[in-house]
Amino acid sequence: MPQREPWLGWIYVAPLLLVLVPFFVAPILVVIAVSFVESDGFGGIIPTFTLANYVGLFSAKLTLGLYLATFKFTVLTWFFSLVIGFWVAYFLVFHVRNPLLALGLFLLCTVPFWTSNIIRMISWIPLLGKEGLINSALLRLGVIGEPLEFLLFSGFSVVVAYVHQLTIFMIVPIFNAMARIDKRIVEAAVDAGASRLDIMRLIILPLSKTGIALGSIFVVSIVMGDFFVIKVMSGGGSASVVGAFYEDIGVLQYPPAAASAVVLTVVVTVIVALMLRTVDIRREIAR
Amino acid sequence: MVSDSKSSNGNSISPAAGRKRGVSRRAVVGGGAALIGSAAVPGAPTIWAQEIKDIELRHVGVSYSVVKAIGDQASKDLGFKVTMQNLDTSAAINRFVTQPNTVDIADLEGWQSKLATKRGVIQGIEVKRIKEFDNILPIFTKGEIEGHKIPRQGISPYEAMYIEKPDATELHEGVTEWATFLPQVYNADSIGYRPDLVGHEVTEWKELLDPKFKGKAAILDVPAIGIMDAALCFESAGLISYGNKGNMTKKELDFTVEKLIELKKSGHFRATWTTFDQSVQLMAAGEVIIQSMWSPAVAAVRVKGIPCIYAPVNFKNGKEGYRGWCNGMGLMKHLSGKKLDAAYEYLNWYLSGWQGGFVARYGYYSPVPSTAKKFLTDAEWQYWYEGKPAPSVINDPYGVAMEQPGAKRDGGSFVERVTNISCWNTLMDESAYMNKRWNDFKVA
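Each protein sequence line maps, in turn, to chains S and H. In terms of the numbering used here, the first sequence is residues 1 to 287. In terms of the numbering used here, the second sequence is residues 1 to 444.
Bound-form chain S, shown alone:
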């Protein structure tokens, strides 16, 4: 076999580099640089090296509060989208016998995603409001005497909107992972006397791990990096990490906002790295 030219490798990665360097590496370097300078209070920066932005960030109780609030929504959204996504994928792969029908049903799952995220979020408001459909129905049925206020402008409505928006990101990779499971393994397990729980625990779950990890990465990084759903669905009653530094940008305080963004990037990177440690994505995908 002839020795591969060293430059050939560079050609292979060139397209990716062409996208990543100008659109990811360069901007993030700028953000990192700005996070170490001082703000002049009028949108300008004073080019002196300072750690003040980070010191301010780590010494504020607010930061902890913001992260706790964001983690809360992340974990809840992750949990519900995983439970729903897993069972939908499981049903499609193992219970729908006709592959064409399974594919059709799978595509059906994507139908709600043909409209914009924002519309799907906003349409919950008339449903969940004090005078919304659910409250009016319950009131008329006499189930409740007072409208349920927790339905809207609450943590509940934030999670509902996120789960509605993000479950598809769980379904797709889990469906994909499950579809690769050789059905004969399941049959063999049944023949060997395995219970349904054993099959789930020892075969399906381990073999769907990649899908679960991929889906989780999507969901977690999207929720951690979002502020709009929290802002609208909590009725402004809850804050988020991104929401807080967006307010800084609103008054042109770029350096503290940049420091916040850098810290968030590091946090999300660590979380994603931990998730990746649970599965070897490369090997699993090549499987």
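Don't read these hints as lab results, they were simulated from the structure. Each hint should be verified, as a subset may be incorrect.
Per label pair, the in silico range of CB-to-CB distance [said to hold, decoys possible]:
#1 F58(S) <-> G337(H): 50 to 60 Å
#2 S413(H) <-> T48(S): 48 to 58 Å
#3 D196(H) <-> L141(S): 23 to 33 Å
#4 R120(S) <-> S392(H): 37 to 47 Å
Note that CB positions come from ideal geometry on N, CA and C, so glycine has one too.
Based on the hints, put chain H in the right spot on chain S.
For chain H alone, coordinates are given in the frame of chain S:
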């Protein structure tokens, strides 16, 4: 939400739109443009018409101030294209500062004009070139009206109005030949409430804090102005007296935010709102019955047939008063030559009345009421500016009936409302700290 709605009006050269401005240059241009190619038209206007027809001015700002219908009318009247682009307050100022060349006319609030001046992204407006400048109300040009000194809490438009030289980066105290921005629309903000559910007349900010309205009140969630609404409430309730509500000290900020957190924890606020539409929805859907609000939002609730009143919060015992705001147009630094000329044409058109009439129909004011008056019916003038009972049905800017005969504008006449402004939208010296504390309130 950041939305960029672009308007366009391509074929804008129409025979001089029938407006009563005497034989203006525009009229000549309109006629000339129709005859391009014919040698019969004498030199100058044709050249001007040909040169300006390719000009496009991008007027960028918030949706309640930069309105597509106004841009369309300007394009029609002026013979060149004006494109209106909308962004939210924070996205707008960020764009002016970081991408100044993508904007021609920046729509600025007083405090934004101060920022833009500091950053050197705008150029001074030569006052002499503004035809109606002397007719602009002295609220803006001199900081007073009818002998009443306009309060300087926050950043009043007058304070942000002048610079000494066209390229100065510091505001100047007192009248000069150069303006930072040209005021175009303004109002006095207070509380909106549902009279049917509140049950009595509201004339004081402290009503917003009344425990009776627990779980049914809302406040504006734009930190810089939300905190001022909160301050007006706490001052009205006698909890604190501020040195300057528009430029609080750290201690005052702490007090204000702690109080807000207390209220939030007790479940006082049903929600906070950021956009005009949200405030309308909150009120119309019965989620809240009292909240800090903007005038057209109150009108929008009323158009739905739901009673809603804009509380008149006239000064009382040195407390209360409206929170005033004003948007004006700034010329970006990169404008020069023909484009700068066109920009001045546009500024002059803006103050010539059509726009003043348009915004009056949703409750905002023009800095040159004398020209706006020509574009309003007598009934509209009496209702919106004089605070008299409407002699006939009052329509909104798009022709939908809004008020029945006999209805009176909340808060009374123009003069009564503007002389009761107690503070102006602002950017505090401690804005970074204020933001942090506001987020403490949000996350609590």
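Now the hints, each set against the structure:
1. Separated by about 51 Å at the C-beta atoms, F58(S) and G337(H) satisfy the suggested range of 50 to 60 Å.
2. Hint check: S413(H) to T48(S), Cβ distance near 54 Å, so the stated range 48 to 58 Å holds.
3. Checking the proposed 23 to 33 Å range against D196(H) and L141(S) shows it holds: the Cβ atoms sit about 26 Å from each other.
4. Distance hint check: the CB atoms of R120(S) and S392(H) are about 44 Å apart, consistent with the given range 37 to 47 Å.
Of the hints listed earlier, there is not a single one the structure fails to meet.
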